[in-house]
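Quick note: the first sequence uses the numbering used here, first residue 215, plus one each step.
The reader is advised that the hints may include incorrect statements.
Said to hold, decoys possible - In silico SDA-like pairs for lysine to any residue, Cα to Cα no more than 20 Å straight-line:
#1 Lys530 with Phe234
#2 Lys611 with Leu526
#3 Lys611 with Phe586
#4 Lys536 with Arg563
#5 Lys606 with Ala567
#6 Lys631 with Lys530
#7 Lys631 with Asn617
#8 Lys582 with Asp543
#9 Lys530 with Ala567
#10 Lys536 with Glu230
If you're looking for bench data, these hints aren't it; they were derived computationally from the structure.
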Amino acid sequence: MTAITSVKGTRDFYPEDMAFQRWLYASIRAVSEQFGYQEYDGPFLERVDLYAARSGDELVREQSFVFPDRSGELIALRPELTPSLARMIAARSRVLPRPIRWWSFGPFWRYEQPQRGRSREFFQWNIDLLGVNSPEADAEMAAIAAAFLGRVGLGPDAVRILINDRRLAELQLQSIGIPTAQQSAVFRLIDRRDRLGPDAWEAEARRTGLEGRQLEQLQAALADREAWRTSDELRRFFRAAEALGAAQYLEYDPTVIRGLDYYTGTVWEARDAAGEYRAILGGGRYDDLISAVGGDPIPGTGFAMGDVVIRLVLEKYDALPKLRTNPADLMIASFEVESLEPALQLAARFRSAGLRVEWYPQADRLPKQLKFADRQGIPLVAILGPEEIGSKQVTLKNMQTGNQESVAIELAIARVKELAAAQARPSA
RNA sequence: GUGCCUGUAGCUCAAGGGUAGAGCGCCUCACUGUGGAUGAGGAGGCUGCGGGUUCGAAACCCGUCAGGCACCCCA
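The task is simple: from the sequences and hints, build the whole structure.
Dropping the structure here:
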């Protein structure tokens with residue numbers, strides 16, 4: 215094949231895909247603003263050093279698109295936003311009023327093996343609350359996630375938000391007698407428990423250096439769904455989440471750890487109830503990140519959601535919205551060569567009045583034009599043929615009801631606006 | 001980056017060494033001023049790409065690219 219193919223792991227966005235992206239963005243914006251968050255964005259290109267400091271070096275070493283610029287400096291296509299956020303906050307840490315509530319939606323790149331729910335170029339919603347180190351702030355983040363899920367039609371029966379706290383997890387490991395040096399290895403082990411079978415996991419646990427008694431205690435801790443009660447932070451977290459109306463989505467899950475190294479407190483993720491897909495969204499508390507990139511210490515908490523998994527889950531639960539891909543309020547049909555010019559004039563008048571107007575550009579048969587309008591989902595067709603022109607009228611056909619009426623051309627704009635408003639209401 | 005599976009029409013899939021098919025979609029017509037329904041007809045393929053085996057390859061072999069599954073990691 216001589217055709218140049220698309221880059222591995224990238225997606226083409228046809229109009230129907232774009233309609234979904236716009237809908238997703240609109241939903242994200244609505245929920246973010248509902249909680250008073252401000253939109254921002256960082257650059258798509260960053261120095262590799264920004265990520266090297268933290269993130270977990272696998273992310274930058276193995277999974278970033280990195281290239282030297284013309285001066286030889288290593289540049290990365292951003293694999294995540296939180297370090298850029300930390301840099302931006304650090305740069306103005308003395309002047310930004312706190313708390314800082316910011317959200318963003320934009321493209322990211324990771325050099326991964328593409329799979330279902332995983333691409334190399336994806337969009338991600340990031341939302342963070344900085345300057346507040348309280349369980350109630352963490353609960354707000356979870357409540358935002360819950361509000362979003364509810365808004366897009368995914369109820370608590372379809373999606374669960376699973377919560378843990380690394381401070382609690384660390385205490386549990388200490389009480390089992392696992393030395394601090396071994397902690398991150400054990401965290402990684404816990405993180406993989408669902409993916410490995412029980413036998414493979416135990417073998418892996420022994421390889422990590424856990425003795426029989428420690429292994430038993432670890433198993434017991436991971437099975438204890440009530441351990442959150444021993445944590446002040448988690449008790450306050452769940453109480454606040456309850457007050458915020460998000461409790462139905464939430465569950466304490468001691469096996470949730472998350473891979474990123476910079477999390478210092480709560481860690482959590484949302485998964486479909488059947489456990490079929492990857493995490494829909496994930497986040498947690500990161501209290502040391504701002505100081506790590508050179509700012510005053512500012513605590514932070516937040517989460518990120520990719521556009522790929524959420525779409526799969528929406529499809530699975532039949533919650534994908536039916537979206538129009540054609541924005542036109544009406545199409546003008548004119549099927550005699552002599553009526554093309556009056557049709558163009560009418561289109562111009564409609565547009566001047568603020569209407570979105572598509573003009574059918576050929577003198578094709580009327581059935582063909584109506585079929586086109588139907589397939590495009592255009593709600594209204596203005597027919598301007600010799601009969602209408604002769605009587606200075608235009609025929610307006612409602613494509614959903616099939617009703618049509620003749621209107622004097624001077625009155626057409628007002629009438630079309632009425633009809634368009636009536637159309638817009640049910641679908642809004 | 002590693003292992004396994006799969007690439008046939010726009011989509012979902014048949015044909016498992018001997019002329020490449022179906023359903024859906026698309027186009028045309030019935031209906032040259034009225035869409036969706038129905039019927040009839042039509043277009044569309046170097047079987048992902050490159051090489052090999054064979055009289056003959058969509059099929060068998062090798063490579064490569066892409067997708068899927070698992071690992072790794074994560075949105």
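Hints, one by one, checked against the model:
no.: 1; hint: Lys530 with Phe234; result: holds, 15 Å
no.: 2; hint: Lys611 with Leu526; result: violated, 37 Å
no.: 3; hint: Lys611 with Phe586; result: holds, 14 Å
no.: 4; hint: Lys536 with Arg563; result: violated, 31 Å
no.: 5; hint: Lys606 with Ala567; result: holds, 19 Å
no.: 6; hint: Lys631 with Lys530; result: violated, 37 Å
no.: 7; hint: Lys631 with Asn617; result: holds, 16 Å
no.: 8; hint: Lys582 with Asp543; result: holds, 19 Å
no.: 9; hint: Lys530 with Ala567; result: violated, 42 Å
no.: 10; hint: Lys536 with Glu230; result: holds, 10 Å
Checked against the numbered hints listed earlier, the structure breaks hints 2, 4, 6 and 9; every other hint is satisfied.
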